[in-house]
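Residue numbers (our numbering), protein chains in the order written: chain A, 23 to 213; chain B, 27 to 165.
Derived from the structure by calculation, the hints contain no laboratory data. In this text the structure is predicted, and so the values were computed from the model without any measurement. All C-beta atoms in this analysis are idealised placements derived from N, C-alpha and C, irrespective of residue type, glycine included. A hint or two may mislead.
To be verified - Examples of chain A residues lying across from chain B (beta carbon under 7 Å, computed):
1. Ala44
2. Leu59
3. Asp74
4. Tyr80
5. Ser82
6. Leu83
7. Thr84
8. Ile99
9. Glu169
10. Met197
Stated by the list, open to error - Negatives, chain B to chain A, calculated, CB over 12 Å:
11. Lys113
12. Ser114
13. Thr138
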Amino acid sequence: MDNKGDIFYIGQVLDGKTNAFAYIVERHKDHAYNLALRICGNPEEAEEIAQDSFLKAYRSLTHFKMRSSFATWLYRIVYNTAVSLVRTRKKRVLSLEDFPADATDFIGSGSSEEEAVEEYRSSLVNFALQKISEEERALITLYYYEELSIEEISDITSISKSNVKVKLFRARQKMIGIIEKIEKKNLIYHE
Amino acid sequence: MNSSTHNENDILGKYINPERIEKAPEGMAEKIMTRIQLERAPLIITGRFRLNVVVPVMSAIITLTLVLFAVLFSSPSDNTVISGIIKSIRNLNFTIPEIKMDTFSGFSLPATVIYLVIGFFILTLFDRALNIMFNRRRK
């Protein structure tokens, strides 16, 4: 994401033009919300986390040193806010039976088979995400959805680069295991 | 940016489409901007500044009044209204009670120490009263 534009608008905000922050919100809102949602798994909570994160970013804008990109800095705030919220609430245990058995369940009115398969895969990934820890969810989201480098992920999560690699590998293995189990279960169901 | 999307061996990468990121709900940006506009941080800072200034100002007024009284007590003139008030105060024959240290066996402190202790005690009470008063206002 272009950091020059962010720096320009941050300068405007620091000069007292509060409305310039709207451009920053508009640029990053989807990515902030996406990260929050993948970590907490609840749309209402994700919106609250994203809102709080932008507010925290606004309040501490003077502390933003511009050593990293604004997006990385914002992701760090979202990550910390989401992880601390998830850690305070009761853990919900999902069983494989909770996942719909058939891909046809994902065919909506007017959607094609391709779209249904895409929807099915997305739900499969979301389901598997909810079965791993919040830290692993964040790592998977930052790596696969936000397509960030190991270095950037390490910067956001404050986990060393080598540890990010190890944790990412484990999280990936866990998710593949869950996805394979569900697909096997669905295969048996169809037979 | 990573190269996960180009890695053929990455099974999970085949399931994840980076373009399918969840979009923020309608009106979220407006809500954030409204909350930012409502930020009352500068007001709170002003309030705290005022509260912090009141105590030293009050302290300065009390000190100045005491100094003024001390000067007036030491050189009273016959022409002013204040001198009349001072004279009538003097006529009250106000004296500080004499504390006899002999009554406390084993004590050999000068009497002024006792006055200092009483003074500190009164100031502490005054300080506590101010503290309670300003803490209530802050709440």
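Verification of the supplied hints:
no., hint, in the structure
1, Ala44, "holds (5 Å)"
2, Leu59, "holds (5 Å)"
3, Asp74, "violated (9 Å)"
4, Tyr80, "holds (5 Å)"
5, Ser82, "violated (11 Å)"
6, Leu83, "violated (11 Å)"
7, Thr84, "violated (12 Å)"
8, Ile99, "violated (13 Å)"
9, Glu169, "holds (5 Å)"
10, Met197, "holds (6 Å)"
11, Lys113, "holds (61 Å)"
12, Ser114, "holds (60 Å)"
13, Thr138, "holds (53 Å)"
Consistency note: the structure conflicts with the earlier hints numbered 3, 5, 6, 7 and 8.
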